[in-house]
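Protein chains in written order, with the numbering used here: chain S, 1 to 482; chain H, 1 to 83.
Derived by calculation from the structure, the hints in this document are not laboratory data.
Even for Gly, the Cβ is constructed at its ideal location relative to N, Cα and C.
Just so you know, nobody snuck in bad clues.
Straight-line Cα separation of at most 27 Å, BS3-like style, residue types lysine-lysine; simulated pairs: (1) S:Lys379 with S:Lys471; (2) H:Lys70 with S:Lys456; (3) S:Lys456 with S:Lys389; (4) H:Lys15 with S:Lys389; (5) H:Lys15 with S:Lys441; (6) S:Lys456 with H:Lys15; (7) H:Lys70 with S:Lys441; (8) S:Lys108 with H:Lys15; (9) H:Lys15 with S:Lys86; (10) S:Lys86 with S:Lys108.
A few chain S residues that don't get close to chain H, going by computed Cβ distances all over 10 Å: (11) Lys8; (12) Gly15; (13) Ser61; (14) Arg96; (15) His104; (16) Glu110; (17) Val133; (18) Gly138; (19) Thr147; (20) Cys169; (21) Lys176; (22) Ala320; (23) Val427; (24) Asp436.
Chain by chain, the residues run as shown.
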Amino acid sequence: MNLYALLKDAGLRYGENPAVIDKDTVVSYRDLDAMVCEVADCLRDFGVLPGQLIGLCFVNSPAYIVITYALWKLEAVVVPIDADFKDAEIREVCSRMQLSAMIHHQRKGEGWHIGKCPKVEVPFYFKPLYPNVRVESGIHMAFVRFTSGTTGARKGVVLSHERIYERICSVNKMLKITAEDRVLWTLPMSHHFVSTIVLYLACGAGIVLAEGIWSRSILETIQRRNVTLLYASPFYYSLLAADSSDMMMPGVRLAISTASGLPAWICKNFYHRYQLPLAQAYGIIEIGLVCINTDRPWEKPDSVGPVLPDYQLGTRNTQAYPDTAGMTCGEVFFRGPGFFNGYFDPWIDEQYALVDGWFETGDIGGLDADGYLYLHARKNHVINTAGMKVFPREVEAELNRHPEVAESCVYGRDNQRLGQIVAARVVLHHKDAEIDSGGLKAFCRQSLATYKVPEKIDFTDHIEKTAATGKIVRPQQGSGKW
Amino acid sequence: MEYDDIEAALLAFLKNDIFDPRVEINADTNLIAAGLDSLSLLRILVFIEDNFSLRIPEVEINEERMCSVKNMAGLIDELWQNT
Numbered sequence: 001m002n003l004y005a006l007l008k009d010a011g012l013r014y015g016e017n018p019a020v021i022d023k024d025t026v027v028s029y030r031d032l033d034a035m036v037c038e039v040a041d042c043l044r045d046f047g048v049l050p051g052q053l054i055g056l057c058f059v060n061s062p063a064y065i066v067i068t069y070a071l072w073k074l075e076a077v078v079v080p081i082d083a084d085f086k087d088a089e090i091r092e093v094c095s096r097m098q099l100s101a102m103i104h105h106q107r108k109g110e111g112w113h114i115g116k117c118p119k120v121e122v123p124f125y126f127k128p129l130y131p132n133v134r135v136e137s138g139i140h141m142a143f144v145r146f147t148s149g150t151t152g153a154r155k156g157v158v159l160s161h162e163r164i165y166e167r168i169c170s171v172n173k174m175l176k177i178t179a180e181d182r183v184l185w186t187l188p189m190s191h192h193f194v195s196t197i198v199l200y201l202a203c204g205a206g207i208v209l210a211e212g213i214w215s216r217s218i219l220e221t222i223q224r225r226n227v228t229l230l231y232a233s234p235f236y237y238s239l240l241a242a243d244s245s246d247m248m249m250p251g252v253r254l255a256i257s258t259a260s261g262l263p264a265w266i267c268k269n270f271y272h273r274y275q276l277p278l279a280q281a282y283g284i285i286e287i288g289l290v291c292i293n294t295d296r297p298w299e300k301p302d303s304v305g306p307v308l309p310d311y312q313l314g315t316r317n318t319q320a321y322p323d324t325a326g327m328t329c330g331e332v333f334f335r336g337p338g339f340f341n342g343y344f345d346p347w348i349d350e351q352y353a354l355v356d357g358w359f360e361t362g363d364i365g366g367l368d369a370d371g372y373l374y375l376h377a378r379k380n381h382v383i384n385t386a387g388m389k390v391f392p393r394e395v396e397a398e399l400n401r402h403p404e405v406a407e408s409c410v411y412g413r414d415n416q417r418l419g420q421i422v423a424a425r426v427v428l429h430h431k432d433a434e435i436d437s438g439g440l441k442a443f444c445r446q447s448l449a450t451y452k453v454p455e456k457i458d459f460t461d462h463i464e465k466t467a468a469t470g471k472i473v474r475p476q477q478g479s480g481k482w
Numbered sequence: 001m002e003y004d005d006i007e008a009a010l011l012a013f014l015k016n017d018i019f020d021p022r023v024e025i026n027a028d029t030n031l032i033a034a035g036l037d038s039l040s041l042l043r044i045l046v047f048i049e050d051n052f053s054l055r056i057p058e059v060e061i062n063e064e065r066m067c068s069v070k071n072m073a074g075l076i077d078e079l080w081q082n083t
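Just chain H, with the same shape it has in the complex:
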């Protein structure tokens, strides 16, 4: 899967499954500022595990790596390259 596909899949999941439809988000949106809570973050992690067959290590679950869809997609892409 290409980076763009990862980003598109994540964005679709967040729009459809996580955020209220009234919340506008794009790849650069700061997800915490948009209202992401711990339960939603957990569901994103489960989505990544199921759809990208990748478990995000706890050490990578931080603001720098997961604050936006762009950063998450970059992290997934990087972890894929290294496996």
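For reference, chain S alone in the conformation it holds in the complex:
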């Protein structure tokens, strides 16, 4: 199967239904399919071939969706690239993944072909990079999410068309998305697409792109576009919960919080304001959306819910962790359909990436008597700042490139608003070096996406390391929830 076929089928079944709404532009399913076909023809003319990896660096827009499906129609593989990435980060993705080409939302100049997304009249820019490279993995690849990091980190989560289809079928047993639904979209498409947008479009639902970030404009969009489902990060819900108008959300049947842990006070305030429960969901790119607390969010606001029917959940190594809130805690594992096919670079097939068929999440959590999962901490050191994942070693490598820096230690520091912020401890070669935290941040900003640049930099005399292996001991602060 090909995921484009789902969209084509939706185009036939739901023709004039709105597929994507962006401000005053309404793209119907029929239009969307026509746009995909036209852009696919354009990309084929540019030289896109089946099996090629194509980087897509684009902002949220109907064009993002059109280009993604056009690449799938051509049997090419989409590699989403964060629109905030700096040149050095983009170069790393391109060279490590040997991308055949890159599509960018604003890059132009020598070597870049210009295409245009019809109807919305949005230009896109295409540049061939390694056109002769094709992936011959034996897997019908649709998508590779490049996960940043430095030496030793696994890069690239591989998902086939079939696996993505399996995961959306599983998650829809809970969400029950239909052609009657309108979903308010607030998250970056480069980070959230395959378990969400693909599902909505397969079901004939309308995707409404959020206008602005303030509660009033969000509420106006919800009312004007008859939104039935919200899918947003905790921050949006915190602003909506504090809205002082009398605007309500009469048509919303489900509000889902995702991307980072949902503080109980937001859940409570949101319910009081709108009389609408806020369901916390738990998803990971490797395995999809596996838990949603749709049934008892009010009673258990700290829980990400029970595991979805198609999945199994287990906790392991419980003797290593103390009981928390009366629950036996351990490392959280999942098993089920639609899991990733493996890691791209270095290639690790799923049978080696999984432990006896189970995926190790890296989260520490426990189950209550009703089978609801509570996440308490992370086993690894990935920093989650407002839902954006940051790998400490990547930031350390950048800090350590500065000529005045001897070594550094990057870690997540708890923060009420962001979940965690990126923090760093830095040792300088010379104590009287003329560099301060502002200068180091400016240095990092040249090469790192803004959200990876440390918010806090403390200077110190030494970095603590383990005696046996000399590995950096990173300060552990609270949850750092997924």
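Place chain H on chain S using the hints.
Relative to the frame of chain S, chain H by itself:
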């Protein structure tokens, strides 16, 4: 800290840490029109908490109070006067 200092500190943070150097902003610039997104707004809130020892209540995080550096500085100044 005086109002002018607050405004200057906010403007410097936005210019250095939030916006692309090619984006020209001043105290009156509409930040959403200039490209402010939710993650950037969160980072501004954390900056305010760290540098002005002030937590902006959620009810004040709206377009009217935070659409420009001038409005943000006014909000911080007002919250300070009331504490």
